[in-house]
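Chains as they are written, first to last, in this note's numbering: chain A, 27 to 353; chain B, 4 to 430.
Honestly, the hints are just simulated from the structure, not real lab data. Since the model is a prediction, treat every value here as computed from it, not as a measurement. Please note that the accuracy of each hint is not assured.
When the alpha-carbon atoms are kept at most 35 Å apart in a straight line, the in silico DSBU-like pairs for lysine-lysine are as follows [as the list claims (entries may be wrong)]:
| no. | chain 1 | residue 1 | chain 2 | residue 2 |
| --- | --- | --- | --- | --- |
| 1 | B | K115 | A | K197 |
| 2 | B | K177 | A | K197 |
| 3 | B | K164 | B | K144 |
Label-pair restraints from in silico Cβ distances [what the hints assert, rightly or not]:
| no. | chain 1 | residue 1 | chain 2 | residue 2 | range |
| --- | --- | --- | --- | --- | --- |
| 4 | A | F121 | B | N146 | 45 to 55 Å |
| 5 | B | P156 | A | F178 | 33 to 43 Å |
| 6 | B | S173 | A | I183 | 35 to 45 Å |
For every residue, glycine included, the Cβ atom is placed at its ideal position computed from N, Cα and C.
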Amino acid sequence: MNSIPQSDVSGQPLDLTSAPTLSQTTLFTALFRSVAFFLVGVVALLVAYIFSQGFHGLNPAFLFGSATSQDSSGMFDVHNAGVFEMVFGTILLVFLMTVLVMPVGVISGIYLNEFSDPNAWTTRIIRSAVNNLAGVPSIIFGLFGLGFFVYFIGGSIDDYVLHTASPVFGKPAVIWAALTLAVLTMPVVVVSTEQALRSVPLPLRDAALGLGATKLQTLRQIVLPQAAPGIITGGILAVSRGAGEVAPIMFTGAAYYLAHLPQSITDQFMELGYHIYILATQSPNVDRTRPLLFATVVVLLLLTFLLNLIAILVRAWTRHRMRSYRA
Amino acid sequence: MPTILQDPIDSASGATPPVVDVSRQLELELRTTLYEKGGSWRETLVEKGIFVVSLTAIFAILLIFIFVARECLPLILGQVDTARSAELIAPEKAVDLSSEQLAVYLSQPVEKIRPLSPDVLKDLVASRNEELAAHPNPDSKLNTVSWPMLLLPYRWQEYTKAEFIWQPTSLVEKYNLVPLFFGSVKIAVLSLLMAVPLSLMAAIYVSQLASGPVREVVKPVIELLAGVPSVVLGFLALIALASLFQWLFGYEVRLNTFVASVALALALIPVIFTIAEDALSAVPQTHKDAARAMGATEWHATIRVMVPAAFPGIFAAVILGFGRAIGETMVVLMASGNASILSPSIFQSCRTATAAIAAELADAPVDSPHYRVLFLIGFILFVITFVGNVFADVILQRLRARLEGQRGSHDAEPHASSEPNPQEALS
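Using the sequences provided together with the hints, build the complete structure.
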């Protein structure tokens, strides 16, 4: 098949030399360039605005403070809420999520890149499912988590294993939120793993196989150590994605306000992103919560940007290594 | 094919065809024996295990489909009825009736009614009688979750003409889905109108026209936008953009479709940009070189050769952008104003399907009609995005296979990648 168009829409032979004149070339190049730089400017402005508004709010009292009011009432204090519990909840959530998603995602990636026949229909369906999973709206994951993990799995554990009257597993909990996020971030891990495995040069495998190593030995001792940085990048990207999602955890575990840190995996938890949503939409006095809100957003952005930055650096390094191998 | 096992004569240009054939043959045989060297049963077992684990993605999609459908299936099959009997039931007779009948009368799920004691039931029926006596509304006899009520306009008691109304918390719950999906499509289209031209122009510039160092800066910065959580974009729209735009344009409603669309466009730009840029970069450089050699400028070669060659990928980027726009929750929940108004104006509030689920599911009792309607909305959203994703996936896989085949025939450089990987960008 040939993708170079032989003629334009009207059926005229394609004339590459006459139409648009040189001045048009300059004009359009300049236009496209300005659009690209405009977007860069928008991103820079956005980040600078948030950081300038929220950075001075980052003090120890805020970072390590509790959401519970300091006075005798012991209620949710919207205007002075510290973020310690939210950061704790977010880290707990993404930690559980990473533990759950990494084995499955990495093994799927290994299968797709190392063992599968690229033209087999099973491979196509798996690949298609992974891509599809990446495009499912995040709120649907919330519905799925509620219907499947909380009511079906959790409810079944309560009914058939624990025989309890009051729900232990059959209610929103950090473990169900983590499982929901694990399903959501799986495509990130699969795709990164595949990419990392693909960057390992084929001659390395051939050499190992030629020396008599079995396929699994080659994989474990030659390919995986080489691909490790890329696979870890996938994990970091998944964590960054998971830390920013709010819609999937709204019904599966995140709480509006809790007086205590979660004690077990069946407890609910407070989370940074959900906390931002609560503060921004439920606060009785938005102007008073404003500085606090910006500071909370800065904490969340620092968390996700830092993770993204690490991932970008590792990926650049892997790509560089791949190029030097080929050359 | 990797060059490692190639016969040196093969690489030399003077090789005669038969020699090439023999060396290729040998190489193929060697590779087959190397790769298919049967491992022990343990190896086979591990390989099978890896295969089983890799099926998880398929199971995940299936489970999402089944469990979202399961919660709204009674609604689809028409087994849910919100109609209340006009005849009052005497509280003393409550015990004689079956749980199902009482459930309908009280418009509560059967599971909740069954364990209650007769005294509690008597009280419930009595309070229900009072409620019905206080508000004699003929609409309450309607089944508001039947398909015609979900999709067609209806003239409610206090209205002067037939309208599409989403009002799940009023005395007579009104569950018309049209305003929600209209809102979703309105915001999605408006944000795509902003995001598509900007991100495609940027993608064409970055992949084709920009110099190396510029590309190294512009690309990661735009991709950084993908790392901004959508709740942060929603927050920005709510706190900063809404007031700024109100000051600029002077419209009345502070939170409206326009504000939400701008914030949503910010979420879409990195998605569309990355996929389109990927598709453009995958077109072999030789295409461009050929056009340049025939005298085309960099711009002509890009717009007349590279862009048409990558067009399916660009199209897929727009489809995936639409799926993302329809499914985005936090931005529209925070910035759109959330009033379910069916208005063509872009400066009016609107409520989207996703925002309705996010805002109302927590208040809807499990297995109530409201709960099932929200799952039905989720199910419809899932089906819409699923179809879009499959469509885009097929386009991208075909494009990748075609371009990779071409590259293979053009240069003899060993290519480590043997499989197409169309949606790296998506994640």
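Notebook entry, point to check: Quick check: which numbered hints come out false for this structure?
Noted result: none
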